[in-house]
Amino acid sequence: MTIDKYLDESVFAYPDKNALVCGSKTFTYKSIGILVERFAGFLLTAGINAGDRVAISLDNSPEAVISIFGVLKAGGTIVLIPPGTTSERMSYILDNCEPRYMIAQSIKLEQLLESVKKGSKSPAFIFTGSNVPRTVGFNFDDILQTANSSGNNTIKDDDVAAIVYTSGSTGKPKGVVLTHRNFDIVTDSVGEYLAHTPNDIILNFLPLSITYGLLQLLVTFRTGGRLILEKGFGYPYEIIKKIKEDNITGFAGVPTVYSIITHLNLEKETFPHLRYITNAAAAMPHSFIPRLRKIFPDTKIFLMHGLTECLRTTYLPPEEIDTRYTSVGKGMKHVQLWLEDANGKRLPSGEVGEMFVSGPNIMKGYWNDPESTSKVLRDGKFSGEKILRTGDLFMMDDDGYFHFVGRTDDIIKSRGKKISPLEIENVIYLLDDVLEVRVVGVPDTLLGNAIKAEIVLKKNAELTVEQVKVHCKKHLEDFQIPQMIEFVSALPKSAGGKIKRML
Amino acid sequence: MVDDEIRNNVSQFISKTFLFDPNKKIDEEISLLGTGVIDSTGVLELISYLESKYQIKFEDEELIGENFDSIEKITGFISKKLLNI
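If you read the sequences in order, they're chains W and P.
All the letters of the first sequence, read from the start, carry residue numbers 19 to 521 under the working numbering.
All the letters of the second sequence, read from the start, carry residue numbers 5 to 89 under the working numbering.
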């Protein structure tokens, strides 16, 4: 099924049910369906062709949801760009994928005009928010008021649904090309293991511009549930209040969010409706699990793994969480996973190697970038089969569960040994005063790389460098103890709240 | 304390800390979170700055977007807090 049909089917099955709540605005499936039809109608009347790219750079808002489904319904490809993207990066993306339209907030007008490279073809702009001159772009609200719905697309499952640009640890951003089938396979599987039903009320504060956030919308609309859309996790108590008052049944988070939650005073709170919480995008520090279990004793915790290039790979059944909390589980439905060493030899259980993936969830490649594509995709044994190298190091235990070790790029070579920063971070996270930590290698003439830990402390904490060192000495081997410890006020993060690894 | 002074301090702190340019002007009415100027932990950083700069303490229930999500909202909220000390 193409993913625009998720909305069509829910409009048909649950027309009067509340589908989307964003701030003070509430939309039923029928009302959001009408707006999506109009927006798609505008694009089709304007002559959009199947596969034409439409860039969407919006915060979490009804306009973002209407844009995503509107573009897909018109047969276009959505290009998701976080609104905080720098002009330089935006410029590269626009030049790389040449969108026909771009939907953005009017307050970004100046920055956008700066981003369109001289000499390159500018997309036609559609602005949300206050009016901009007609000569500069269309107004989103005007379109919704005046456009008519106009026919249907002819797109198929293997057509491109989205291009999502990854941060790319080095160099230029890469546009991950994902088909309708990629999303359909994954949303089917995720909806099944999270046991989604039309009764679910899902809270989403992750940006819709990253795939983890987008999946919240797609899975919820596919199963006829209700999505409560928040702009971010900036005001934790407000979110906690919402979880209680709106009877939220599930939400997705990342470790930086769970770090904040575990430091809130929630002893007296109960969350009787919250069925599940999930973690992906970065490994959950082990010390968070017992703390989260205490805050959410009746809630299932799903630890998962995925990457933009194949959306989702594994999940740990929540009943395993207390015994296997270092694992992200086994491969989900339709997905084959295995580990290889640097020479391409498949590894047995107990050894650390890079994860490879085969299955219908794998991207088509990087947009307009055959060189980068050839580095991560190779042909499999069967006709049309593609194999993705993830760049993620894992150990598989004797029961077939995968345990994340680190990114191949992140491993620190110090004193001739390969050191996983994650292992050190897990130990530092045991300290209650630590809100966030990043461990990186810093070039050092003697050691090859010295280990540096950068720590964000929680409010009013009084931890000293000495105390951190003593703690590390107690839990780590000598060669793993950071030579440098620095307290910082913040760590750089990706749009999805993942702590950036690069210095 | 006059609102203008608060507004300037807050605006400069945000520009310097999150946009790495103290002279960069931010529209006072835009949503700081929604436009990606600051992220979740950035909010905590901003709150801790405001508490130490103005020697005030925020209650948990005051930490909501309505009080902090734009320079305008922060200015209004801080001046109200200062009046009540």
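None of these hints come from the bench; they were simulated from the model.
Nothing here was measured: the structure is a model prediction, and the numbers come from that model.
Careful, some of the hints might be misleading.
Claimed, not checked - Calculated lysine to aspartate or glutamate pairs in the EDC-like style (CA-CA distance at most 20 Å, straight line): (1) W:Lys477 to P:Glu66; (2) W:Lys477 to P:Asp25; (3) P:Lys28 to W:Glu106; (4) W:Lys286 to P:Glu49; (5) P:Lys28 to W:Glu372; (6) P:Lys29 to W:Glu256; (7) W:Lys262 to P:Glu9; (8) W:Lys260 to P:Asp64; (9) W:Lys43 to P:Glu70; (10) W:Lys260 to P:Glu55; (11) W:Lys286 to P:Glu66; (12) W:Lys476 to P:Glu70; (13) P:Lys77 to W:Glu480; (14) W:Lys511 to P:Glu49; (15) P:Lys61 to W:Glu106; (16) W:Lys477 to P:Asp31; (17) W:Lys262 to P:Glu49.
When you check the alpha-carbon spacing of lysine 28 of chain P and glutamate 106 of chain W, does it fall within 20 Å?
With a Cα-Cα distance of about 17 Å, the restraint between lysine 28 of chain P and glutamate 106 of chain W holds, given a limit of 20 Å.
Checking one constraint from the list: CA of lysine 260 of chain W to CA of glutamate 55 of chain P, max 20 Å. Satisfied?
Given that 20 Å is the threshold and the Cα spacing comes to 25 Å, the pair is violated.
Hint check: lysine 477 of chain W vs aspartate 25 of chain P, CA-CA at most 20 Å. Holds or violated?
violated (25 Å)
Would you mind confirming whether the straight-line C-alpha gap from lysine 511 of chain W to glutamate 49 of chain P stays at or under 20 Å?
It holds: about 14 Å lies between the C-alpha atoms, which stays within 20 Å.
Does glutamate 70 of chain P lie within 20 Å of lysine 43 of chain W when you go C-alpha to C-alpha?
holds (16 Å)
Hey, lysine 477 of chain W versus aspartate 31 of chain P, does the alpha-carbon distance stay inside 20 Å?
With Cα atoms ~29 Å apart, lysine 477 of chain W and aspartate 31 of chain P exceed 20 Å; violated.
Next pair to validate is lysine 286 of chain W with glutamate 66 of chain P; report whether the Cα-Cα distance is within 20 Å.
holds (19 Å)
Between lysine 77 of chain P and glutamate 480 of chain W, is the straight-line Cα distance small enough, at 20 Å or below?
The hint is violated at about 31 Å.
Taking only the CA atoms, is the gap from lysine 260 of chain W to aspartate 64 of chain P under or equal to 20 Å?
Cα-Cα ~14 Å, so holds.
Has the given pair, lysine 61 of chain P with glutamate 106 of chain W, been kept, meaning a C-alpha gap of at most 20 Å?
violated (39 Å)
Within 20 Å, alpha carbon to alpha carbon, are lysine 476 of chain W and glutamate 70 of chain P?
violated (23 Å)
Hint consistency between lysine 286 of chain W and glutamate 49 of chain P [alpha-carbon to alpha-carbon, up to 20 Å]:
Given that 20 Å is the threshold and the Cα spacing comes to 26 Å, the pair is violated.
Going through the hint list in order, the structure does not satisfy hints 2, 4, 5, 6, 7, 10, 12, 13, 15, 16, 17.
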